[in-house]
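Asks: Listed below, chain by chain, are the residues.
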Amino acid sequence: MPSIKLRPHCSSPVKATATASTPNNPLPTLLQTPSGLALLELQGTINVPSGNEEDDIDYSSMDNPASTFETPIGKLMFPDYSVHNPDDEKWMKRAYMYIGRYQRMTGEVKKLPRPIAVLRKCQASEDEELEVVEIVRYKIFFKSRPEPVTNV
Amino acid sequence: MSTQDSHSILFTHTRPQEGFRLLELTPELEELLTSKDAPVLELKSPSTALAQAVVDPTAHDYVNLCTPTQTYRIRQVQSSNSLHILRPSRGEISQADIKVVEEEAGESGALNLPDEAVTAIAKCSSTLELHVPPGGFSAILFLEKSLRLYDRRSDDDGDIAMGGSADSAGPLGPKEMRTARENVCQDIPVSTAQCEQGWMELCAFVDGAEGVACWRPSARSRLAVWKRLVEGAVLQGIDLEKQFLVGDLWKSVLDDDEEMEPPFPRALLEAVVRRICIADERPPLAEDIKWASFDKVECTQWVGETYLAATAPATSSAIGRSEFLRAWKDCLPETWRGEATLSRLPNGCYNSPDPTTICFVEPSQRQLTNKAASAPAAAAKAKNTRNWHELLKGRR
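Residue numbers (this note's numbering), protein chains in the order written: chain A, 25 to 176; chain B, 56 to 451.
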């Protein structure tokens, strides 16, 4: 069986199509990575109301930005985080995720016990090759179920 | 509520989702991947034939992650939690949709601008973990199955040697040898350095006499090369403990009569010299071995083990101990004879069916006994781990 190469560096930035306008990363600096990728762990899953799951892996349409669309789910908040004091890491203890307007999950930002490499298929090469897109060291972690909130 | 006024980020879900895998890194791998000139790694699994020939008791199908020098077994670990990969949003959200999460602008004044958003682009329900089994990885079992066994006897006065085909195909260049070796290693699911280590330990070599082929000499052939080499060195006055030219040693094993076929390929002599020369002076496999010197103790050990493997490979063919010691001494240069004692043999390489006899134990069998000894340690380790794979492994 041929071996599959795993390239250490991303040959092209994530979605190189949008290089001109790399979006501003709103996450706390600690969670920011060169490629902009971050990890979010949930107990359970996010169900998005649009039936056909097979659409999820439709690579053919990926290069066409018109065919991607975003469904708003909620809001992420780091209530104790301050841009002016990025070195203080106490804010990591508390993170909120609102789902819709009336439910909230409480979680935290955790340093991963071991860093995680994010891999994906190399799009540049013809052969089957993988590349390390990013090495992530922190995750946003929500281990509890959502609770109702009324005072929004 | 005060928290509502602080920095809040719109969270969206992008469709279609992308495909990613998550790989948990060991500290060494993290260092390697973040270094300035990080090498390309390989995901290797054995060829179908090799997978059948070398059965791994712990896994049927497996993929190993290989750095240039290290090998890790990849294990897919499922999680009941879902891991989402986020990236900053490019604002492909309609303003109308935002109402789902936010009241209209103006009322609270907190409507997020679309660029203040992150979006989930992939979901992973498993991560890939890496581990190294106790005892590590070795290429030897795979090489033994991949390489042809070279078992010609050079002490038969050349009657059956090489059948005159050597002149039709000239000696192979280093590049051709390297390509042949790399082709073999391609199918072996361990790192290049570990493949080369195994290749060197087996004294494997490439020969072009009958088409390019990779060989591993039998213990008998290795012993024959050694005996011939000692004879030649004594005749030509080469001191094996001091640096000598491998070219001179090769000339010394050739017969004076230039018409005669060499007793064995030069590549085999070089493979044996490489195996037993002082490790610090050993050049990388890609380079020719020009100079070498032998260490009396290590060399004696290798000769003893090889002699035993050649003459008493199994319990049924065990030989007398004193007979073995005498023969071992006879294989050595005169001044080394005192080195040949049973305690000098590598750990576990021999067995004694009864108090007066001795026989060879295959390296693979030795590993089994080592494993049996380390099993309780593994069980103790499993108790302290929270990893379910480790916990349940012992109970199957």
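Everything labelled a hint here was simulated from the structure, so no lab data went into it. This one's a predicted model, so the numbers in the text were calculated from it and none came from an experiment. Incorrect hints may appear among the rest.
[To be verified] Straight-line distance between alpha carbons at most 20 Å, and here's what the computed SDA-like set of lysine to any residue pairs gives:
id	chain 1	residue 1	chain 2	residue 2
1	A	Lys145	B	Phe75
2	A	Lys29	B	Thr182
3	B	Lys200	B	Arg421
4	A	Lys134	B	Ser180
5	B	Lys178	A	Lys29
6	A	Lys167	A	Glu132
7	A	Lys145	B	Glu184
8	B	Lys282	B	Lys200
9	B	Lys282	B	Ser307
10	A	Lys29	B	Val95
11	A	Lys163	B	Glu73
Asks: Indicate, hint by hint, whether the structure satisfies it.
Replies: Taking the hints in turn, this is what the structure says about them:
1. Lys145/A - Phe75/B: holds, 8 Å
2. Lys29/A - Thr182/B: holds, 19 Å
3. Lys200/B - Arg421/B: holds, 18 Å
4. Lys134/A - Ser180/B: Distance of about 18 Å is within 20 Å: holds.
5. Lys178/B - Lys29/A: Answer violated: Lys178/B to Lys29/A is near 23 Å, above 20 Å.
6. Lys167/A - Glu132/A: Satisfied, since the Cα-Cα distance of roughly 9 Å is no more than 20 Å.
7. Lys145/A - Glu184/B: holds, 18 Å
8. Lys282/B - Lys200/B: violated, 27 Å
9. Lys282/B - Ser307/B: holds, 12 Å
10. Lys29/A - Val95/B: holds, 7 Å
11. Lys163/A - Glu73/B: holds, 19 Å
Violated hints for the displayed structure, listed by number in ascending order: 5, 8.
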